[in-house]
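**Student:** These are the residues of each chain, in order.
Protein chains: 2
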Amino acid sequence: MKLVDRLTSDRLALSRLLTEVENDTPEGRAALDALYPHSGKAHLIGVTGSPGTGKSSLVNRLALHYRRQTGERIAILAVDPTSPFTGGAVLGDRVRMRDLAGDEGVFIRSMATRGSLGGLAHTTAALTRVFDAAGYAIIIIETVGAGQSEVDIARLAHTTLVVEAPNFGDDIQAIKAGILEIADILVLNKADLPGVEVTERALRGMLEMVHPAQRSFLHHGQVGKIDSKTSAPENSWIPPILRTIAIHAQGFDELTAAIARHREFLLQYGGWSHRERARLETEMETLIQETLTARFRAGIRELDYEEVLAKVFDHRLSPREAVKEMLNGRYI
Amino acid sequence: MKLVDRLTSDRLALSRLLTEVENDTPEGRAALDALYPHSGKAHLIGVTGSPGTGKSSLVNRLALHYRRQTGERIAILAVDPTSPFTGGAVLGDRVRMRDLAGDEGVFIRSMATRGSLGGLAHTTAALTRVFDAAGYAIIIIETVGAGQSEVDIARLAHTTLVVEAPNFGDDIQAIKAGILEIADILVLNKADLPGVEVTERALRGMLEMVHPAQRSFLHHGQVGKIDSKTSAPENSWIPPILRTIAIHAQGFDELTAAIARHREFLLQYGGWSHRERARLETEMETLIQETLTARFRAGIRELDYEEVLAKVFDHRLSPREAVKEMLNGRYI
Numbered sequence: 001m002k003l004v005d006r007l008t009s010d011r012l013a014l015s016r017l018l019t020e021v022e023n024d025t026p027e028g029r030a031a032l033d034a035l036y037p038h039s040g041k042a043h044l045i046g047v048t049g050s051p052g053t054g055k056s057s058l059v060n061r062l063a064l065h066y067r068r069q070t071g072e073r074i075a076i077l078a079v080d081p082t083s084p085f086t087g088g089a090v091l092g093d094r095v096r097m098r099d100l101a102g103d104e105g106v107f108i109r110s111m112a113t114r115g116s117l118g119g120l121a122h123t124t125a126a127l128t129r130v131f132d133a134a135g136y137a138i139i140i141i142e143t144v145g146a147g148q149s150e151v152d153i154a155r156l157a158h159t160t161l162v163v164e165a166p167n168f169g170d171d172i173q174a175i176k177a178g179i180l181e182i183a184d185i186l187v188l189n190k191a192d193l194p195g196v197e198v199t200e201r202a203l204r205g206m207l208e209m210v211h212p213a214q215r216s217f218l219h220h221g222q223v224g225k226i227d228s229k230t231s232a233p234e235n236s237w238i239p240p241i242l243r244t245i246a247i248h249a250q251g252f253d254e255l256t257a258a259i260a261r262h263r264e265f266l267l268q269y270g271g272w273s274h275r276e277r278a279r280l281e282t283e284m285e286t287l288i289q290e291t292l293t294a295r296f297r298a299g300i301r302e303l304d305y306e307e308v309l310a311k312v313f314d315h316r317l318s319p320r321e322a323v324k325e326m327l328n329g330r331y332i
Numbered sequence: 001m002k003l004v005d006r007l008t009s010d011r012l013a014l015s016r017l018l019t020e021v022e023n024d025t026p027e028g029r030a031a032l033d034a035l036y037p038h039s040g041k042a043h044l045i046g047v048t049g050s051p052g053t054g055k056s057s058l059v060n061r062l063a064l065h066y067r068r069q070t071g072e073r074i075a076i077l078a079v080d081p082t083s084p085f086t087g088g089a090v091l092g093d094r095v096r097m098r099d100l101a102g103d104e105g106v107f108i109r110s111m112a113t114r115g116s117l118g119g120l121a122h123t124t125a126a127l128t129r130v131f132d133a134a135g136y137a138i139i140i141i142e143t144v145g146a147g148q149s150e151v152d153i154a155r156l157a158h159t160t161l162v163v164e165a166p167n168f169g170d171d172i173q174a175i176k177a178g179i180l181e182i183a184d185i186l187v188l189n190k191a192d193l194p195g196v197e198v199t200e201r202a203l204r205g206m207l208e209m210v211h212p213a214q215r216s217f218l219h220h221g222q223v224g225k226i227d228s229k230t231s232a233p234e235n236s237w238i239p240p241i242l243r244t245i246a247i248h249a250q251g252f253d254e255l256t257a258a259i260a261r262h263r264e265f266l267l268q269y270g271g272w273s274h275r276e277r278a279r280l281e282t283e284m285e286t287l288i289q290e291t292l293t294a295r296f297r298a299g300i301r302e303l304d305y306e307e308v309l310a311k312v313f314d315h316r317l318s319p320r321e322a323v324k325e326m327l328n329g330r331y332i
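As they're listed, the protein sequences go chains A and B. With the working numbering, letter number 133 in the first sequence gets 133, and the count goes up by one each step, no holes. With the working numbering, letter number 303 in the second sequence gets 303, and the count goes up by one each step, no holes.
Please note that the accuracy of each hint is not assured.
Which copy is meant is left open, because identical chains are indistinguishable; a pair holds if it fits in one copy or across any two.
Taking lysine to any residue and the SDA-like style, the derived pairs with C-alpha atoms no more than 25 Å apart in a straight line are [to be verified]:
1) K41 <-> F265
2) K324 <-> Q289
3) K41 <-> R277
4) K2 <-> S15
5) K311 <-> R279
6) K324 <-> E181
7) K324 <-> V196
8) K41 <-> R6
No lab work stands behind these hints, which were simulated from the structure alone.
All chains should be built: construct the whole structure from the sequences, respecting the hints.
**Tutor:** So, in structure tokens, the structure goes:
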């Protein structure tokens with residue numbers, strides 16, 4: 001049986017392959033190459049937001065909603081970059097299981113940070129490619145709201161949801177403005193809490209700062225009904241603000257409709273392939289860097305490298321001078 | 001006049017050089033090489049924590065306290081990785097100016113994210129080196145609490161302060177556990193707010209998870225009086241929890257004493273040079289990667305690169321296969 005067919009029918013085989021890929025083993029690498037021609041079909045949805053916004057419940061509910069609505073298989077990839085030493089996604093998984101257990105059409109995988117953040121984005125991309133080739137039509141990538149990692153995920157996902165909740169502390173506003181820049185859709189979850197109006201006004205104000213050119217359009221539509229295709233320039237997307245109450249399953253018809261609209265928008269105006277290309281270019285650059293560095297390390301003698309390092313530690317040679325010396329053939 | 005002497009006496013020259021270094025210009029690079037032998041003396045203090053903990057006030061107050069206590073020159077480097085597009089440290093600067101304006105012994109610089117996070121850590125390291133060579137004895141590196149960036153700063157700083165505040169939301173706890181792992185000193189700021197006891201107990205509980213081997217010692221000392229040299233194994237450091245009220249200047253004698261104790265500890269047991277070396281090795285590896293990649297890009301013809309990329313976009317060749325093809329001499 002071909003690998004791609006086995007993955008489609010055998011959850012255990014899929015799970016094992018994900019581990020190989022996550023650990024970057026030779027088997028994992030070979031499988032990624034073999035699966036690559038079968039990938040490129042899935043819709044990658046990034047979901048990010050601070051703790052306390054109910055992000056994980058929202059992801060669960062979104063997956064359930066898609067299952068009922070489309071019957072398509074859904075993958076959830078939970079990435080937790082906050083704890084590089086112990087990993088932090090385990091608790092989230094257990095809560096998740098209660099809601100989604102027993103549904104063979106949903107595959108949940110969590111991932112804690114491995115090594116550098118570049119490495120994290122790289123591994124996340126590789127795992128989504130496995131799901132993609134295995135026929136998962138929708139892949140939800142969830143992260144804790146943590147600076148650079150959202151940006152990397154926005155680069156990876158086709159559609160990025162930023163989740164907020166009412167009244168989530170005044171000081172958090174400084175962070176929000178940064179996060180808003182990567183949002184394709186803003187979700188105001190826990191919309192039954194007091195303060196929802198104030199928070200929505202604040203979000204709208206910040207959206208205007210981020211998208212000044214579209215300022216006049218932001219007030220045209222109702223909340224959640226801004227339609228970029230009628231009220232704004234054709235080739236620009238204005239992030240709608242949608243209210244949800246994840247624990248009561250409210251607002252998900254509107255949310256999935258907005259996600260579908262964003263997908264259409266990307267396909268129509270070239271954004272879909274543009275994002276794919278940017279992603280692949282980044283991936284290739286990382287691979288080129290890794291390969292070149294590995295070759296260099298294999299070519300230089302350990303003792304020589306230590307000798308140069310010692311000069312740097314003694315402040316006799318700056319790091320840049322040391323690298324120049326090593327790469328200009330004095331040592332290799 | 002030698003560059004290093006000019007920087008010591010001329011704030012404008014220092015400011016201009018920092019910009020050159022931040023923009024990675026040839027002048028900036030040359031200056032970094034020239035300054036390198038003069039660096040390696042400053043104490044790098046990282047300060048991190050979520051918005052709302054009063055972190056910036058604490059940094060201001062700490063700088064003022066050091067000025068009065070030691071007369072040494074202090075640099076503050078505020079790094080904001082949350083907003084890669086617009087930068088977000090501007091408001092913080094304005095507040096800061098009120099407290100520290102007019103003191104020639106304090107130099108404040110803010111930096112928004114440029115490019116990748118690896119690049120951010122790299123630039124931060126370079127700027128601290130300039131301050132270091134220019135005779136700033138204490139360099140405070142402040143970041144917004146944002147996952148990977150704290151980890152990178154913990155790697156950069158000699159002493160890392162993690163700032164918390166009472167009762168800062170239940171959901172934030174998930175993040176705290178990760179942050180605690182990088183703390184050398186835990187600062188419980190806003191200690192006059194209700195809930196301080198509960199928060200301190202929670203922090204202590206989490207510290208025990210992170211440092212299980214030292215569990216029995218954590219309850220020996222009073223808050224802020226845990227002395228690693230008497231109550232714990234000689235070569236291990238137990239992060240003390242210290243209470244401060246930054247806006248009322250309370251707790252700073254204890255805080256600076258704890259920082260001094262941590263410095264002594266690092267110098268005595270080799271941690272100081274160990275951190276320096278780890279930092280320099282990372283820096284050199286980044287430089288090696290950059291240099292090798294730049295050479296590769298200069299060596300391959302743009303058209304050839306585009307041809308391979310096109311195959312990847314069409315899913316005829318996986319990124320890894322494409323890189324192998326390019327590096328194995330078919331194109332160069």
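**Student:** Could you run down the list of hints and mark each one as holding or not?
**Tutor:** Structure-based check of all given hints:
For the homomeric pair K41 and F265, the shortest alpha-carbon distance inside one copy (16 Å) is at most 25 Å, but the shortest distance between copies (55 Å) is not. Both within a single protomer and between protomers do K324 and Q289 lie at most 25 Å apart by alpha-carbon distance, with minima of 17 Å and 12 Å respectively. In this homomeric assembly, K41 and R277 come within 25 Å of each other (Cα to Cα) only inside a single copy, at 14 Å, whereas the closest approach across copies is 46 Å. Taking CA atoms no more than 25 Å apart as the test, K2 paired with S15 passes inside one copy only; the shortest distance there is 16 Å, against 62 Å between copies.
Taking the shortest alpha-carbon separations for K311 and R279, only the inter-copy value of 15 Å comes in at or below 25 Å, while the best intra-copy value is 39 Å. For the homomeric pair K324 and E181, neither the shortest alpha-carbon distance inside one copy (39 Å) nor that between copies (36 Å) is at most 25 Å. Proximity of K324 and V196 under a CA criterion of 25 Å is satisfied in neither setting, with 57 Å inside one chain copy and 53 Å between copies. Only within a single protomer do K41 and R6 lie at most 25 Å apart by alpha-carbon distance; the minimum there is 18 Å, versus 59 Å between protomers.
In this structure, the hints that do not hold are numbers 6, 7, in rising order.
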